[in-house]
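Going down the list, the protein sequences come from chains B and R. Note that the first sequence covers residues -1 to 493 in the numbering used here. Note that the second sequence covers residues 595 to 1054 in the numbering used here.
By construction, these hints were calculated from the structure, which means they are not laboratory data. Just so you know, these numbers come straight off a predicted model, no measurement behind them. Just so it is clear, CB atoms sit at the ideal spot from N, CA and C, and this is done for glycine as well. A few of these clues could be false.
[As the list claims (entries may be wrong)] Derived list of chain R stretches under chain B, where covered just means 3 residues or more per stretch with a C-beta under 8 Å from a C-beta of chain B:
| no. | segment |
| --- | --- |
| 1 | 619 to 631 |
| 2 | 723 to 735 |
| 3 | 769 to 779 |
| 4 | 964 to 971 |
[What the hints assert, rightly or not] Heads up, simulated DSS-like pairs for lysine-lysine below, C-alpha to C-alpha not over 27 Å straight-line:
| no. | chain 1 | residue 1 | chain 2 | residue 2 |
| --- | --- | --- | --- | --- |
| 5 | B | 80 | R | 627 |
| 6 | B | 36 | R | 651 |
| 7 | B | 187 | R | 627 |
| 8 | B | 303 | R | 1002 |
[Unchecked claim] Simulated coverage check for chain B against chain R, where a stretch passes if three residues somewhere in it have a Cβ under 8 Å from a Cβ of chain R:
| no. | segment |
| --- | --- |
| 9 | 58 to 70 |
| 10 | 213 to 225 |
| 11 | 378 to 391 |
| 12 | 473 to 479 |
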Amino acid sequence: MTFRQARWDEPDVWDLAAVSEPVAPPPVPGIPERLRRKAGVRWPELAELEVVRHYTRLSQMNFGIDTAPYALGSCTMKYNPKVSEMLARRPGAASLHPQQPEESAQGALEILWRLERILTKVTGLPEVSLQAAAGAHGEWAALLMVRAYFRDRNELERRTEVLLPDTAHGTNPASAMMAGFTTREIRSKDGCVDLAALRAAVSERTACFMLTNPNTAGLFESNILEIAEVVHQAGGMLYYDGANLNAILGITHPGRMGFDVAHLNLHKTFATPHGGGGPGAGVLAAGETLAPYLPVPRVVKVGRKFRLDYDRPKSIGKIKTAYGNFGLDLRAYAFALTHGEEGLNHVSRRAVLNSNYLASKMGAFLPRPFRALVKHEFLLSGAPLKAKGVRTLDLAKRLLDEGVHAPTVYFPSLVEESLMVELPETESKRELDHYIAAFERAVTDSPGNLRAAPRSLSVGRIDEVRAAREPRLSWKDLRAAAAKVETPPPVRPTP
Amino acid sequence: MPRWIPNEPGEEAALLDALGISSVEQLFTDVPKRARIGRLGVGAGHDEAEVVRQIDKILARNKPLGSFANFLGGRLTSRYSPAAVDAMVGRSEFYTSYTPYQPEASQGMLRVLFEFQSLWVELTGMDVANASLYDGATAAGEALLFCRRIHEGRRFLVPASLAWEEKSVLANYASGPGLTLEEVPFDDRTGRLDLDAVRKSVAAGDVFGMLADVPNGFGHVDEGVADLKGILGTIPLVVSADPLSLSVLEAPGAYGADVVVGEGQGFGISPSFGGPLLGLFACRAADVRSAPGRIVGATRDVNGLPAFALTLQTREQHIRRSRATSNICTNQSLMALAFVVYATLVGPRGLAELQASIAERSRTLASALGGVDGLQAPRFDAPYLGSFTVELKRGTAAEFLDRLRRKKILGGVPLADPRPNAGSTPERVLVSAGDATTDREIQKYARAAASALAAVGRSA
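Only chain R is shown next, with the shape it has when bound in the complex:
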């Protein structure tokens, strides 16, 4: 029996005595016999040392990112996080707490969340941020529903270049209320949004919102986003922005975004095979009562001293039930803590320097890969800040990446939808440089890519 369940001699007997019963089974007489089960069949338990031994043995079958030259990126990164971030996240006053329903007992976390909201407001140039959502993709989904609350229509526009995974999540958020997603095509040379297509869609009517991502699904920065609000008019614009990019890119609030969402994982949160992550959400003050999720507000205590509490809760499911703005009941407080501690440790200048340095490495990477026969790198002629798309002229992305993996290179993220019914798409890979990418690794990648593609050429 684990130590975690108290088991002092006589303890259980004393509890039973106090209830005047002789067996715990007497507490389950309300479960009908026909509903009772026998053994679960999950095997015996183990002591802590054995659990650690068994799990470490399984984890040893993983090859952590550090054992590769790593060019994976996009929404999720493996950027270095100062040890002080995890030290703060590891404060058990934080990580063992629940939602701050009793604000007087939970000022610490409420103040962290208020700082977090403030930081996302500063980065985005928006008015109001919530206390976080599950991840970037679900934040975009919530933004879609938010747009429908503040604007009429049935059609929501997304770039055709958006990652398939995000399209699929958005399609699910749209499906409940019977809304449709429509893809805006991109220019084949630059990967940029076809703004004429946006104009036509808007003119056709019934559009209640549009999402554009910065950088886009191909990794590129499309200056066309700055023209979108002029085309959309009163139709809400959602910008899905990489937080680090906002250290050097114009705040979306400055070019008319009505909502800014994002994935915050790169700020102090380990990739952990995809979770937990951090969904970011900010909007305009006029729309705050339509916003999803928890929001922390500043107020006063009975003595007139500054204090913080969850606020505007009449939007939320525990009050409003089926008329709530969202069903969300869990935010990512602990990840929000990591985000704000990371950004504060690195500082605003440090973030801009980090972004510039990653961008520089990615330019070195692009020029190295650009010389590889059989590879178009970058595939699109547009600026980038760390990631760009390459296209294979022969062979499949899967085969290419597998050959690289055998040389201890994680060559990038394949862009095709892996579902068998998804249809065929060009063999494209999103390739990313990171804060730790070295020139040596870049040269290694270029050599391995050349030999992988040469091998494909031979076998073709």
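Next comes chain B alone, as it looks inside the complex:
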């Protein structure tokens, strides 16, 4: 074991300097006295070098794709190209206000328009909006579009139900709830949608069936055309969760599979950096039925000019500030322009090749549920570890000690003690073999070592139960705890 993460004894930023009792800022002319801040903001005053050292040290206690393979399934942690970072910082990209006149932002509108054209080809759906901030934001907006469509058809009263498979990402049922639908889970059979169960579930109440394909078990839903037929015959819409698009570029697309509306995550398939959990960038793509409901504005080309078009009477309106995450859209455009036809086709072929190779090798150590042929990700079950008195969680922590990031764990829940593994197309065979060797060392290590992991990181195993049981959520809470004023806050009853 040669990996060691940096372990700085770095204080919190407020402990870098003695923070004195804040004094009120000088009054601003015109501001009424009662709205004047009486006590200034309590925060340290530090030198620039102190600030830079502090955050540099913190950065060194963080895994990133640039430091290690990041095998989180359904997260598609591919290389974030440096050229995209450079381009997004150009003044012609970064120093643009969304409210500046269209005439002065023709280049930005052109980038958006061009990326949208590419995404219509990739999704096989004729209209695209880039307004969504992230995948789940796109899911919610798409369901609002479905809602608006059924309202126009006077069917909303009865079409209240969103169906989804038990393998669905958690965002799917949560988005459905936020959009005002009830949800109903369809059970899986051998890791895929049970067509008979779906047939039995659809009805005149069905508004939508949400599906990701390949699904979170890493399996392609081969019955997809039959699924589309069943949903459409019931009068429902078919929704494509594009989290797993990295498996199918140039192979198939939501349009061909019969989907009516889709979201994509540019921070997965199109390599925009996810920044520690965000920013993301969502894409909404719609077929002809739902396209009139896409958020405004839409980017249009009139003659040689690009414009923002607000004249869409059926549109659901706005879903966020401005048009979308342009800085990320630009990076995604650079990714698409670099790859082109051959490159995009190669992305999914290599991602699936990597995944099947990893699956065949890692499957020697833990059982793989369902069929052997997988797409961009695959599942393992850590259930046999229980006989040794260890769990999937211990294995994940032990993998961190190898200097590689663990797979997604305990999702999807239809597999006991599951691990969901994905290393996308940017990982070389050497890196895959390195990961497999790390996995072998971890899974064959002694139960004691597994339970004691991690030991090579900036901290040891973290007590997450304590974090939830005694919430300390800010410096203010830490000060209160230090002052031993530990009266629990009153809990407001939830109606």
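For chain B, the structure is supplied; the task is to place chain R on it using the hints.
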């Protein structure tokens, strides 16, 4: 083929050999033939140099803010950000990481987020902040749903002066659960909330929350916000606050806010044509289990040393699915990093000085524009900190702003809803001074505004 996909001679063959197959196509036999597609039709790829050349050529069709005298503002600004902010955001240990699902490997980002939460708590005077949401408008939308979780009712009050874009986003958040937005009118002279109207709405019943923005949609600071909690009683109050203004304005927690949201873009994040941005959210400790989004908590590791992890996750979609408090799965961690680094570099005194200096420039701007014939500037008689509303007595805002643009002036943000079915509204523009606004630019604006309006007068 891009260098980003490994392509060592023999590499792919070795992978195929290990699987006992001869072609990658054999890995796609599970995709039915009828579902297969032909070519995408996206054109050929390019090498890096050519990609840079092509994108730079397109970007050259933009005129960046620096090529104008810039009076755009409101929620999104183009305030200067110290280079050290981007240097930290550019640490690839941060920007190439994912959500810290394995906290032991991700203490760096977790600690950044804990500091960020702490800073928003200090600025707002609230108890708890989450680890950020998409942007200010969606944070307000999440706040609306949050209010419904902690209070009964179907009606949510918003100021009629709120920006149309934010109203539209809020209407979408309200629409799923069948809630309604109701606009509270404002005083025509001051733009201030009509508190009697709030009283009447509350007395009519069924109100589950109210949002007020500081400064408001007209740019003004309305001291009436401090009276709202007294009127609302147990009904939750959401304050949407500009973070920089909180360096000099009373913390909303001190006048009874139950939720404080905001747009954090002005703290170290480039406007980038509107994204990525930063949504801020804080609430009271008693309500934290109803809060949306990720929250980082302090705890200990097995050795008893301080450590940090995502916590209270039973609120979230990956655990609670359809009963989650929100569908949100992405926060804006990297932008939260920019926010906290910016504020720490500038420091609390520096923030207050910056806000005071911008306010002073905006007063100079208002007095210069106040003398322009055909322009009522400011339109409302109320204090401001950087932005205020002007109203045109003739011509349209679109024409006025276009004439200014031709003189290399970005004259402000038109306040009308641009959707054709939105109905007609007065020709109002939100005009903002910034940290870089000079007296010369202000004089230039006043002269250009006068000649633009004179031209409208002639053509009318």
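Hints versus structure:
1. 619 to 631: Held - the segment 619 to 631 of chain R has 10 residues with a Cβ nearer than 8 Å to chain B, which meets the minimum of three.
2. 723 to 735: holds (count 8)
3. 769 to 779: holds (count 4)
4. 964 to 971: Coverage by chain B is violated for the segment 964 to 971 of chain R (0 residues, Cβ < 8 Å).
5. B/80 - R/627: violated (38 Å)
6. B/36 - R/651: The given pair, whose Cα atoms are some 51 Å apart, is violated under the 27 Å limit.
7. B/187 - R/627: Holds, because 22 Å separates the two Cα atoms, which is no more than 27 Å.
8. B/303 - R/1002: Holds, at about 20 Å.
9. 58 to 70: This one holds; 10 residues, not fewer than the three required, reach chain R with a Cβ under 8 Å.
10. 213 to 225: With 5 residues in contact (Cβ-Cβ under 8 Å with chain R), the coverage given for the segment 213 to 225 of chain B holds.
11. 378 to 391: Per the Cβ count (0), the hint is violated.
12. 473 to 479: Contact hint for the segment 473 to 479 of chain B vs chain R: holds, 4 residues under 8 Å.
Hint compliance for this structure: hints 4, 5, 6, 11 are not met, and every other hint is.
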